[in-house]
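These protein sequence lines are chains Y and Z, in that order. Take the first sequence: its letter number 280 is residue 280 in full-length UniProt numbering, and every next letter is one higher. Take the second sequence: its letter number 21 is residue 21 in full-length UniProt numbering, and every next letter is one higher.
You may find that some hints are simply not true.
[Said to hold, decoys possible] Here are the simulated BS3-like pairs of lysine-lysine, each with C-alpha atoms no more than 30 Å apart in a straight line: (1) Y:LYS342 - Z:LYS223; (2) Z:LYS223 - Y:LYS151; (3) Y:LYS70 - Y:LYS118; (4) Y:LYS337 - Z:LYS223.
It is worth saying that the hints were derived from the structure and are not from the lab.
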Amino acid sequence: MNRRQFFAASGLGLAAGAGLISRAIAAPAEPESFTDPATRQPLSADGRSYTPVVTLNGGSLPWRMNNGVKEFHLVAEPVQREFAPGMVVNCWGYNGSSPGPTIEVVEGDRVRIFVTNKLPEHTTIHWHGILLPSGMDGVGGLTQPHIPKGKTYVYEFTVRHSGTFMYHPHSDEMVQMAMGMMGMFIVHPRDGSHRVDRDFCFLLASWDIDPGTFTPNTAEMTDFNMWTFNSRVFPGIDPLVVRQGDRVRIRVGNLTMTNHPIHLHGYTFKVTGTDGGWVPPSAQWPEVTADIPVGAMRAFEFVADVEGDWAFHCHKSHHTMGPMGHDVPNMIGVDQKKATPKIAKLLPDYMYMPMGENGMAEMQDMVAMGMTLPENTLPMMTGEGPFGPIEMGGMFTVLKVRKDVAPGDYSDPGWYEHPEGTVAYEYKP
Amino acid sequence: MKLPFPLAEVAARHSKWLLMAGTALLVSACSATELANFPDTNRVVARADYLDRKPLPALSDYQVAAQQRVRNLLTRPMTVGAAVEIAMLNTPHLQQVYQSQQIWDEDLVLAMAEAAATETDVNHTEMDWTAARLALMKSVNTVDRFDFPKEYFDTVEDFVEVGEDVRKAYFAAVAAQQLQNMLEHAATATQAAAELANAQYQAGTANRRAQALHHMTHAEVVKALAHAKLEAVSTRETLNRLLGLWGDDANWTAPETLPPLPEARPVFDGLEEFALERRLDHLSERKSWALWHSAVDVRSEVRENYAALQIHYDIAKYQRDTVLPLSDVVLGETQLEYNGMLMGVYDLIDDTRGQVEAGREYVAALRDYWIAEAELVQSVGGALPN
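Construct the entire structure; sequences and hints are all you get.
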């Protein structure tokens, strides 16, 4: 047994390895639970000069100050997450939720994070993008022992750089991330720079959940059928509510296995930050779509000076759909009237209707007419807007810019009431 | 015409007492050489003379009555009871027996109807052989011809065998027709798929390979349907031959379904002993060393057929109560996925065929059950214990 193994075996490995860490650690605080998928109000900045982030359909984890150290308590555990009304998924997550709560600190903070493992297998947490002592990096086997089930480990480090980061397991990583284990880690600048009026954040995830099932298939690499913002799909994703004239930042992290061109309607924005830090103004350029690479984060900013309901979504059209059958025959333009009576006769107890001849939009009409889907399965396109069906699913939500929104108010103002003469209309000769 | 054996020969061949229809009839032992012990020999000769002198008329009273009864039975969908009754009246072989036994009259027709109980229960599957035997005895006694136990045994044995053959043929024919009808649903399904493939090709959404594959699938079902039709014709004609039906009489209607599976699993105690008391072929062997060997065979046959009956019952029940509901679940879930455009119309068609196949397997299992029952009935001497 070498020295390292000795300390690990005696339970002092982390403390001894980190060297500077106090060994007299108080018990962790009771973990805050985040089972409600509604977007929480941001935490208080506690008198410091930053705007706390709003986590879409989630919230930031409250901390406890302990002798100048910000203490957090994360509990890795199986959770149930509602993706949208009508679909609940058996996930793994943190503190009752997938994604886990956002950890929000200030540059220079000393943080101590207790991680209790209530999963059925071991885990770790890797602090993605954060420079810290190597032994705090959270790579199971490489920089620390895996955290056995039932054990609580402590991560402690000083946050040296501000920016947009995330956390996720580095222990049976494929399974644990496919099950939804991830969270945002936001570090605000100490000097009050880069401050905006509204600061939103969320993570992109992909899922393979067969129609009629409840638990993601974690062995999938490419053929996913659910695409989420913070483990929610449209119409379950809350709108981004903004006061007209606000400077807005949206931070997006990508823990899927493909890139996502995130597109905002109307506004141009500039990418002001990556998981590598802040982008110098000289390197920024205006655009309307930010491609978020795999395992990367982007923060982009704009001034929301025009009122309206602005669609905000991944521009891969399949990613704005719910579960789809990719093996269905192509029926576009196929005249099915000869075969239809035969099939209807074979299925006397079933309201058979030929589908797909004129596109797929008819499907949601049929669902609206009461045609049922497999249990726990959302229609692939859905959502009712003020002018009719929105026909979306997956990575889609709405930026709602209003002049009458109070500072700090993130509640949904409803659909935009367009001034007369500003809505597309039917031409009548 | 077959003449009865001289009594001496009969006596030599059979033990002096024999069990018949649960009634022991005593046949006197006698010396083979004493002329006085050859009663009615003159009558035997006289009958032969009579038959030589006066051939039977073309249509006897029996034939008139039997034909009327058969026609009457044929107006309704054929039941197994009706088939057995028709066979008893109409099978050429049995008619020959009746004629030779001179029990060729209207009373026999009535007695058979009573024994078959065709009128009272459409799903009645057993002939009341006791009644049939008594009817036969009565007819024989009427003309005082009940002198030859071997003849009697042969006749009742014929009854039981014809009964078994008819019942097996009946269940095979009804099942074959039903299986053909069900396969027509599958052919409708594959035809719809082929038509959709045509429309897809015309619209440019499927290539000729995909189109051809759907047509080949349909062709397989069309061929299977042709074979199913052949089976339906073949089994029906087997039954027609057993029933002695031809012309318009052969166009009887089959019921749409087989009799239902009985509620309870068939369980019988002491079947081997029951069979040993009733099997006439076995009883006729009691005179000799063959008895022991015969008993071993009877017991084995009964065990085999009884096991077959129970196993076919279990298979049919499993298919009906477990597999069919599973195929319903599969098709139901496919319908839900079709609603959500998660699965396509060909999946729907395939799973419809899956359900049809599960149904056809049930019909085949039910047919095998009833055939197993007919075989068991035969192997215990014509009727199961109550």
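Now for the hints, and whether the structure bears them out:
no. : hint                : in the structure
1   : Y:LYS342 - Z:LYS223 : holds (20 Å)
2   : Z:LYS223 - Y:LYS151 : violated (66 Å)
3   : Y:LYS70 - Y:LYS118  : holds (23 Å)
4   : Y:LYS337 - Z:LYS223 : holds (26 Å)
Figure legend: structure checked against the earlier numbered hints; the only hint not met is number 2.
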